[in-house]
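Trainee: Knowing the structure of chain U, use the given hints to seat chain A on it.
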Amino acid sequence: MNSKRETGRGSRTLFSGLKYLCILCTVVSVAALVAVVFYILKNGIGKLSWQLLFGEYTGSAVSIFPAFIGTLRLIVIAVLIAVPVGIFSAVYLVEYMNNKGKLVKVIRIAAETLAGIPSIVYGLFGYLIFVRTFQWGYSLLGGGITLAIMILPVIIRSTEESLLAVPDGFREGSLALGAGKVRTIFRIVLPSAASGIVTAVILAVGRIISESAVLILTLGMVVNLIPSSVLSPGTSLALDIYYFASHGYPDEAAATSVVLLLMVILLNLLATGLGKLIKRRQGE
Amino acid sequence: MKSIYGFVHVREKLMRGLFLACALFSVVALATITVFLLANGLPFIAEIGLGEFFGTRWAPLSDTPAYGILSMLVASLYVTALSVLIGVGIGLLTAICLYKFCPRWLVSPIRQMVNLLSGIPSVIFGLFGMTVIVPFIRDYISPSGVGYGILSSALVLGIMILPTIVSVSLDAMQAVPGSYFEGALALGSTREQATFRVMLPAAKSGILAGVVLAVGRAIGETMAVIMVVGNSPEMPVSLFQSVRTLTANIALGATEMKGDPERALIATGVVLFVFTLLLNTSFSLLKRDKTEKDDRKSRRKGKNSTPVAPAKPGSAKEAQS
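Chain order of the listed sequences is U and A. The working numbering puts the first residue of the first sequence at 1, with every later residue one more than the last. The working numbering puts the first residue of the second sequence at 1001, with every later residue one more than the last.
It is worth saying that the hints were derived from the structure and are not from the lab. Using N, Cα and C, we set each Cβ at its ideal position, and we do this for glycine too. You may find that some hints are simply not true.
Simulated pairs of lysine-lysine, DSSO-like, Cα-Cα distance not exceeding 30 angstroms [as the list claims (entries may be wrong)]:
{"id": "1", "chain 1": "A", "residue 1": "1013", "chain 2": "U", "residue 2": "105"}
{"id": "2", "chain 1": "A", "residue 1": "1100", "chain 2": "A", "residue 2": "1258"}
{"id": "3", "chain 1": "A", "residue 1": "1204", "chain 2": "U", "residue 2": "100"}
{"id": "4", "chain 1": "A", "residue 1": "1013", "chain 2": "U", "residue 2": "276"}
{"id": "5", "chain 1": "A", "residue 1": "1287", "chain 2": "U", "residue 2": "102"}
{"id": "6", "chain 1": "U", "residue 1": "100", "chain 2": "A", "residue 2": "1287"}
{"id": "7", "chain 1": "A", "residue 1": "1100", "chain 2": "U", "residue 2": "105"}
{"id": "8", "chain 1": "U", "residue 1": "100", "chain 2": "U", "residue 2": "279"}
Just the calculated beta-carbon pair ranges, DEER-fashion [stated by the list, open to error]:
{"id": "9", "chain 1": "U", "residue 1": "247", "chain 2": "A", "residue 2": "1112", "range": "33 to 43 angstroms"}
{"id": "10", "chain 1": "A", "residue 1": "1109", "chain 2": "U", "residue 2": "282", "range": "20 to 30 angstroms"}
{"id": "11", "chain 1": "A", "residue 1": "1059", "chain 2": "U", "residue 2": "103", "range": "44 to 54 angstroms"}
{"id": "12", "chain 1": "A", "residue 1": "1081", "chain 2": "U", "residue 2": "282", "range": "41 to 51 angstroms"}
{"id": "13", "chain 1": "A", "residue 1": "1085", "chain 2": "U", "residue 2": "34", "range": "37 to 47 angstroms"}
Chain A with its partners taken away, still in its complex shape:
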């Protein structure tokens, strides 16, 4: 009898250990990634100095090599800012439309389509940008006759992050209690005023989290950008000029370079890594803020527990008329 219990006991212990080991795998993986990048990248930055590393000239293979990544850092920031502006602007307004102004029967198909499209591989967006957006900008918009550059990249990335923004913002707004909307209507505001002045601010933190997510995707995207940005490591002065982003710099050079140039690329990776760490931190802070608020809200609701009729699509209309 005792031996069976002993066996079960050992098995329980062993499996628990296995589960723990697996759970620690992500911590180990993250630690390894961090150590590898920092150990290979930081000494190089220290060696050539911060001033040189954040200089404007990138010429790793020339006789007088220079490893300045400033132009690429600036290009990355421009592309990210512009694409997020496009993606968030259009995406958020789309989400608002799906939330209140769109005919009911259209919402679910549009939503499902958007979800499906959020899975399109980035390289396909890159191909679309390369064969449609770049020639279009070159022929009709660009004053310099160059189609590659910040505007093309921002348009491609803007379309790419649209699905994410739409679904995250829509989720955030749908999480706002319908009674807010009805309350606003009861106080005499129109449907539009209620949506923009009440529902939108109430969903603010969820939407912001979506924006941070989109920034992370835009700054980290490589393949879609590499195909439309032109890739010359020059300081961006115009929207229609071939530039290079940090991500493109890594992808273009890493497989061909050895020695110092390669270490410079790893240092580029470190900069990107630090950026995403900062973004992640702000993302989790936003999320924590949101869950705390939600907790408070639900607690309050629980205490008063006044039965509120669930918001139905028809009820708002009745209230208005």
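Here chain U stands alone, though its shape is the one from the complex:
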């Protein structure tokens, strides 16, 4: 394979050069990512205020309190739908179908396709079905359900992996003791897979709070009102950032970004930490 060229001194210098290019690129990418975080923190921390975080939204002073409420409700709605459906799908795929067969293939392809659909297309779909067809108008419920469909593939995938990691001996032991399949699943298999599932759910929550393209078409971006019910329009933290940035509130956008960034980082740390904690407690 190109032996003559490869043994030459030129090739060696070329690849040594590439090595330094690699090191340079590492410095560049680490620097770029650190710059984003550092810039957001540096610009936003000073702008945080009680009024912005928990104050009332008035004409002269903006607040992200309605967004807190909206984000919280969205998380509850999406998690309530996506987590049971996702876990049960994975249970069916792994425990009943043994991950084989035509139906499993169809479901897997559907989930993978769902995972690849851009969020704006989800938003368009949510708009078409909830705002238009169901006539709900912009609503937290419509946004939440759309988000639930969006995070579903992630939850199915990670639950499947956690279920596959449970040793077959656990299942056989439980069945041998006379427990039925359903009891085995709920008392033995799911608890053993808990650490992976909890991590996946928390990461999914991270995706919900980061999402904005879906919500711009389903939630209405009503930044000044605290939503009164799940069918009222609302806003989320990520949407607020877009709203502030595009409507002449750069300071507020920066401050809200700090809040969102810290929440995402905390959720990530929580996901790994909690997963480890559950594992350790099970080990005892």
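Mentor: Then chain A, alone, in the frame of chain U:
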């Protein structure tokens, strides 16, 4: 006695049905999404004709409305291509560096940081682009004095997809057996030659899958792009010119338009949807190719089962000296 068994039996049946229903939920959801988009978008495309739909003029609200999305399609492709070039170029080289050339103690912290940063919301990247990258390009780089446009978007998206590329490529390379590397060293190549000529090609399919993933993310990204691309629906002729992508077109118009303009937006969504379907298909083909290869590899390994010492960081150095 019989009644208890009967109860258990019914419960088992019921729960199985429930699990199946949940499993079918994703299929139903996908079918509903597809039907809704196609039913609302395709008739419109048929109505105005393909030529008009892929025309260059987008003026849905004017007296002589035109619904050509070509300029936005081209802008989307430019932004995607350039951002993937930036993101994959830097990301892949970073992954190679973390894999072989970086001091060991640095690898794990960098990796954890990259993982953490892959979760940064896209709207924050958009804000960063809007307040840092756009003014910088406007003041120092752009010949036309416009900061918005393809270059800004590509830079923002490039940074955004970096973490994904780094972790996927690193995973792909770490999956290559260490004996390949040692074999290459034994044949007289340097560490660099072994890395670039042996390890990199061996990890090719995994890296490619990561690239496809990145393309999907870049073409589907909305919020980060909408804040830095300028959003004028014009044919891109320069990197420093306000243009609009397909995603931005949907996000900007959908909540305000009714009637034909709205159907035009849904048709835009259909184009985007078809794009991602194609990408998904190629992604799963790549993955299948990879798993087949892996299977073959492991089978071969199992047959010969020659005990190979696991590759340790120190052993490569010894082999070289």
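Trainee: Are there hints from earlier that the structure breaks, and if so, what are their numbers?
Mentor: The structure breaks hints 2, 4, 7, 13; every other hint is satisfied.
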